[in-house]
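Based on the provided sequences and hints, a complete structural model is requested.
Under this note's numbering, the first residue of the first sequence carries the number 5, and numbering increases by one thereafter.
FYI, nobody ran anything at the bench for these hints, they're computed from the structure. Keep in mind that a hint or two might mislead.
[What the hints assert, rightly or not] Think about it this way: if two alpha-carbon atoms lie no more than 30 Å apart in a straight line, the pair counts; the simulated DSSO-like pairs of lysine-lysine are:
1. Lys347 to Lys175
2. Lys101 to Lys85
3. Lys209 to Lys431
4. Lys541 to Lys565
5. Lys347 to Lys176
6. Lys325 to Lys280
7. Lys134 to Lys176
8. Lys38 to Lys157
9. Lys280 to Lys255
10. Lys255 to Lys134
11. Lys232 to Lys265
12. Lys157 to Lys176
13. Lys243 to Lys187
14. Lys25 to Lys157
15. Lys175 to Lys317
16. Lys38 to Lys176
17. Lys243 to Lys280
18. Lys280 to Lys372
19. Lys255 to Lys367
20. Lys175 to Lys32
21. Lys175 to Lys25
22. Lys232 to Lys32
23. Lys403 to Lys246
24. Lys134 to Lys97
25. Lys85 to Lys32
26. Lys32 to Lys548
27. Lys176 to Lys142
28. Lys317 to Lys243
29. Lys232 to Lys175
30. Lys464 to Lys548
31. Lys97 to Lys142
32. Lys438 to Lys464
33. Lys85 to Lys317
34. Lys209 to Lys142
Predicted model only: the values in this text are computed from it and were never measured.
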Amino acid sequence: MRWGTILIPTLREIPKEAEAKSHQLLLKAGYIRKLSSGVYSYLPLGFRVLQNICRIIREEMNSAGAVELLLPALQPAEIWKQTGRYDALGEDKISFKNRTGTEYVLGPTHEEVITELAGAYLQTQHALPKTLYQIQTKFRDELRPRFGIIRTKEFIMKDAYSFDADEEGLKKSYQNMYHAYQKILTRLGLSFDIVTADPGIMGGKVSHEFMVRSEYGEDHLAVCETCKMVTSRDIAARKLSKQTTPPTSSKIEIFDTPNLKTIHDISTHFHIAPRKLMKTIIYMMNDRDPVAACVRGDHEVHEGKLRNLLGAKQLCLANAKEIEKVTGAPLGFASPVGLRDVKIIIDADLLLDQDFVTGANQKDKHMKHVNVGRDFNYSQSGDIRFVQEGDLCAQCGNKLLLITAMEVGHVFQLGTRYTECLNVKYKDSSGAEKLVIMGCYGLGVNRIMAAIVEQHNDSKGMKWPVAVAPFQVELLTVNHSHDGTREAADQLYSKLIEAGIDCLYDDREERAGVKFNDADLVGAPFHVVVGERNLVKGVIEIKKRASQESLVVPISEVLGKVQELLRD
RNA sequence: CGGGGCGUAGCGAAGUUUGGUAUCGCGCACGGUUCGGGACCGUGAGGUCGUAGGUUCAAAUCCUACCGCCCCGACCA
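Structure (structure tokens):
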């Protein structure tokens, strides 16, 4: 395609709104344009990349035996109420009423719709197993769209759903998708980590996330460089130290802290390091029993770990009233010291230090010189917090690193989370009705595009892998008004097109520098440069964008060479 | 929702403190000279200065409200 035919509005300067590299480059090279916060248009080049990503996804999904369909984005709110996710979606849901008063949700995901469909058609064991997928726009009113197309309110997702007769079938389907995802991301030129994850709002027990390491990710990986273990920070465990520190001889002192409730308030106001503070968080276990969870001021309680340690069925943060009842003080001044009829759980790190500052269980007061064991007893100690950089690897005991990463894919073994709510059953060979077992599998197409840019760029622009590049080759003339140059380039262009090569032909009458810079920015993997200087010698220059290395070949061999390069 | 920053031509900015003809660079159009890594000269087009109200002889500038955008944080006491 000729440059003048399509729309490639490259910019000389990077719009100041862009911070992430992918955001900057995609704007500068004319791939995307923002319409409003978190809402983007994909210009011709951007659209071509999206299509290439989708093509690869389709190929791998199809060859894994999944079948494509298309579900509606416009979904009656009613089906969301049936699965109980209407409320769980909360503010993220974009919903409205039509003229007759029916409420609709712009689909943020499609479990409800597909499950309804499965209920209608997958009623016999012969219909199972089945994996259906679609590539569709999802709508989520994100609180804060971020980093260009990494987090947007409207995005394209490939979502697949498997339906099986039993758990064993689900495991097979899950493995199948898991491998397909590995192939897809590898073909897309991404290096990635697969980590076990917390299924969260989606439900189910087993889930894995496909993570791409990037400065602009919103998630964290706990990485051990020694034993190479990688886990999601959300669920990473740590090895606990066996040491303990004896208490100090200083006695507890109560001091005034008017209106200073948070760790940040206390630490800045009194110049005390957060690690010398102790946070006491009150939870209610099984809706009845109060629990005080204590961690260092610079740590965060991990509700899941706490729940596991307690063996609690249900655990949630206490509300203001409950806190007041348990501690005798308003929110912000809790301490384990003097608490009665409350189970106290401490994080093991509290045993490694002495002399903490805690609340005083009185309004506007805290206490210092608090020592574990001396001033209060606890029922259990253990790992009840999120890991931090420098914590010890649960597997080998060496130090963990925290690395930011973005989630590009997520697979879940949902089980009967949805089929139960929507009563999706099949008849087995004995005629008995059984719930269909589901899995679901998502890939963020736009985010994958951003991830590829994040991993393939340099100071001049993008370096697309051949598989996803908007064009495989960019042909450009050094001086387009020179007849010989133009004629040679025109001929080459026809040859490349005839050979089925996706070629962008920069036929603009721009100066060489402009064209070279735009070519590097746009990032086609190979550049074919036609210039008078080489032409008189009967040769043409081919440049590899990724390495910036050039080779010179006779005109007649250009096509063959390009084909060879594309094959490799 | 809280904190911070910002809104002036397609892009990047100055001007706002101290009210007085809307300015500069890039890009765009036309003419010319150039032509292998973002050329140069000349001419020109392009603006509700985010929106609405107020103060004033006079508002991009001062006041009030609202809208939008970016970054950080968000039931952790």
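Here's how the hints hold up against the structure:
{"no.": "1", "hint": "Lys347 to Lys175", "verdict": "violated, 39 Å"}
{"no.": "2", "hint": "Lys101 to Lys85", "verdict": "holds, 15 Å"}
{"no.": "3", "hint": "Lys209 to Lys431", "verdict": "holds, 25 Å"}
{"no.": "4", "hint": "Lys541 to Lys565", "verdict": "holds, 18 Å"}
{"no.": "5", "hint": "Lys347 to Lys176", "verdict": "violated, 43 Å"}
{"no.": "6", "hint": "Lys325 to Lys280", "verdict": "holds, 28 Å"}
{"no.": "7", "hint": "Lys134 to Lys176", "verdict": "holds, 11 Å"}
{"no.": "8", "hint": "Lys38 to Lys157", "verdict": "holds, 12 Å"}
{"no.": "9", "hint": "Lys280 to Lys255", "verdict": "holds, 16 Å"}
{"no.": "10", "hint": "Lys255 to Lys134", "verdict": "violated, 68 Å"}
{"no.": "11", "hint": "Lys232 to Lys265", "verdict": "violated, 40 Å"}
{"no.": "12", "hint": "Lys157 to Lys176", "verdict": "violated, 33 Å"}
{"no.": "13", "hint": "Lys243 to Lys187", "verdict": "violated, 34 Å"}
{"no.": "14", "hint": "Lys25 to Lys157", "verdict": "holds, 20 Å"}
{"no.": "15", "hint": "Lys175 to Lys317", "verdict": "holds, 26 Å"}
{"no.": "16", "hint": "Lys38 to Lys176", "verdict": "violated, 41 Å"}
{"no.": "17", "hint": "Lys243 to Lys280", "verdict": "holds, 21 Å"}
{"no.": "18", "hint": "Lys280 to Lys372", "verdict": "holds, 10 Å"}
{"no.": "19", "hint": "Lys255 to Lys367", "verdict": "holds, 21 Å"}
{"no.": "20", "hint": "Lys175 to Lys32", "verdict": "violated, 44 Å"}
{"no.": "21", "hint": "Lys175 to Lys25", "verdict": "violated, 38 Å"}
{"no.": "22", "hint": "Lys232 to Lys32", "verdict": "violated, 37 Å"}
{"no.": "23", "hint": "Lys403 to Lys246", "verdict": "holds, 16 Å"}
{"no.": "24", "hint": "Lys134 to Lys97", "verdict": "holds, 29 Å"}
{"no.": "25", "hint": "Lys85 to Lys32", "verdict": "violated, 43 Å"}
{"no.": "26", "hint": "Lys32 to Lys548", "verdict": "holds, 21 Å"}
{"no.": "27", "hint": "Lys176 to Lys142", "verdict": "holds, 27 Å"}
{"no.": "28", "hint": "Lys317 to Lys243", "verdict": "holds, 25 Å"}
{"no.": "29", "hint": "Lys232 to Lys175", "verdict": "holds, 26 Å"}
{"no.": "30", "hint": "Lys464 to Lys548", "verdict": "holds, 14 Å"}
{"no.": "31", "hint": "Lys97 to Lys142", "verdict": "holds, 10 Å"}
{"no.": "32", "hint": "Lys438 to Lys464", "verdict": "violated, 58 Å"}
{"no.": "33", "hint": "Lys85 to Lys317", "verdict": "holds, 25 Å"}
{"no.": "34", "hint": "Lys209 to Lys142", "verdict": "holds, 24 Å"}
This entry does not satisfy hints 1, 5, 10, 11, 12, 13, 16, 20, 21, 22, 25, 32, going by the numbered hints stated previously.
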